[in-house]
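A.B. asks: Letter by letter, the chains look like this.
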Amino acid sequence: MLLINCPYCDDALPELEFAYAGEAHIARPADPSKLSDEEWRDFLFIRSNPRGLHAERWRHIHGCGRFFNALRDTVSDRFLTTYPAGQPRPDVTKLEAAE
Amino acid sequence: MNAPVKSFANVSIAVLPPVARLNLRIAPANLAAASAAFGLPLPTKIGQGVVKNGHAAWCLGPDEWLLHAPEAEQAAIVADFAKARTKAPHSLTVISDREFTIAITGPRAQEFLTVACPLDLSRMAPGTAKRTLFDSAQVVLIRDADDAFRIEVWRSFFPHVSELLDIALREFACGL
Chain G
1 MLLINCPYCD DALPELEFAY AGEAHIARPA DPSKLSDEEW RDFLFIRSNP
51 RGLHAERWRH IHGCGRFFNA LRDTVSDRFL TTYPAGQPRP DVTKLEAAE
Chain B
1 MNAPVKSFAN VSIAVLPPVA RLNLRIAPAN LAAASAAFGL PLPTKIGQGV
51 VKNGHAAWCL GPDEWLLHAP EAEQAAIVAD FAKARTKAPH SLTVISDREF
101 TIAITGPRAQ EFLTVACPLD LSRMAPGTAK RTLFDSAQVV LIRDADDAFR
151 IEVWRSFFPH VSELLDIALR EFACGL
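If you read the protein sequences in the order shown, they are chains G and B.
For the record, in the first sequence the residue sitting at position 64 is 64 according to my numbering, with numbers rising by one throughout.
For the record, in the second sequence the residue sitting at position 129 is 129 according to my numbering, with numbers rising by one throughout.
In isolation and in its complexed conformation, chain G is listed as follows (with noise of 0.2 Å):
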């Protein structure tokens, strides 16, 4: 089974207790009315779907409750890390320099 670290929880915990959220960093225009109905749709809908790094949301839903953000490879499933929402996208070239 999966193993993903919660970073409120502080521990590697089973994926059943989480749910995934979408991408991350998908901030909500400070003011939509002044939005092209296509910028509209890019924010609604547009996601970037890549192959290999993805930044995500997740929620440790049976658990503390808390939505986090994880960088996974989707090719591979593997969580390179999480982190609290709310921070910024971790520079990649350091967690594989450090491993």
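Keep in mind that the hints are not guaranteed to be accurate.
Computed beta-carbon distance windows for the label pairs [to be verified]:
1) B:145 / G:15: 27 to 33 Å
2) G:15 / B:12: 52 to 58 Å
3) G:40 / B:16: 50 to 56 Å
Chain G is nowhere near these chain B residues, computed Cβ spacing over 12 Å in every case [to be verified]:
4) 40
5) 93
6) 167
Rather than coming from a laboratory, the hints here were simulated on the basis of the structure.
Yeah, the Cβ is synthetic: ideal placement off N, Cα and C, and Gly gets one too.
Position chain B against the provided structure of chain G, taking the given hints into account.
C.D. replies: Just chain B now, kept in the frame of chain G:
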């Protein structure tokens, strides 16, 4: 018909008598006020528990605690917290009737729980508690000792969890 097995040499399960259960949400900065109202120092690390004078508290999330106390003290505790509300805003919800507590004890209790609990229980220290899943039902799992666990399960999930435990116990008793 065979009578249902509720215990054998290595594991026994029992539904515990009612207890006052409360769910507390409060900003960690205001935790001292809640500790004073409940009469014990609330733990700050997720999972940790504290038991004192018949009261017990476990930290379930960054700002969430599960409180247990004798049933007769429930109204007094709610009143104590209400007094602290002006200085330390919080939410205190009585969930006594929402859940049943099932005790699982015995030398093989840890192995027994693995039938439906995905956690690595060997890393769970006595005195801690975690919200997790039991099969597909969300529960709070409390470890009182190496060979003693409690499962807090919502009423609506109780028949499912109870049935699973009964089946597992029969299998254990048969030596499967």
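A.B. asks: The structure should be examined with respect to each hint, and the outcome stated for every one.
C.D. replies: How the hints compare with the structure:
no.: 1; hint: B:145 / G:15: 27 to 33 Å; in the structure: holds (29 Å)
no.: 2; hint: G:15 / B:12: 52 to 58 Å; in the structure: violated (31 Å)
no.: 3; hint: G:40 / B:16: 50 to 56 Å; in the structure: holds (54 Å)
no.: 4; hint: 40; in the structure: holds (21 Å)
no.: 5; hint: 93; in the structure: holds (14 Å)
no.: 6; hint: 167; in the structure: holds (20 Å)
Consistency with the previously given hints fails for number 2 only.
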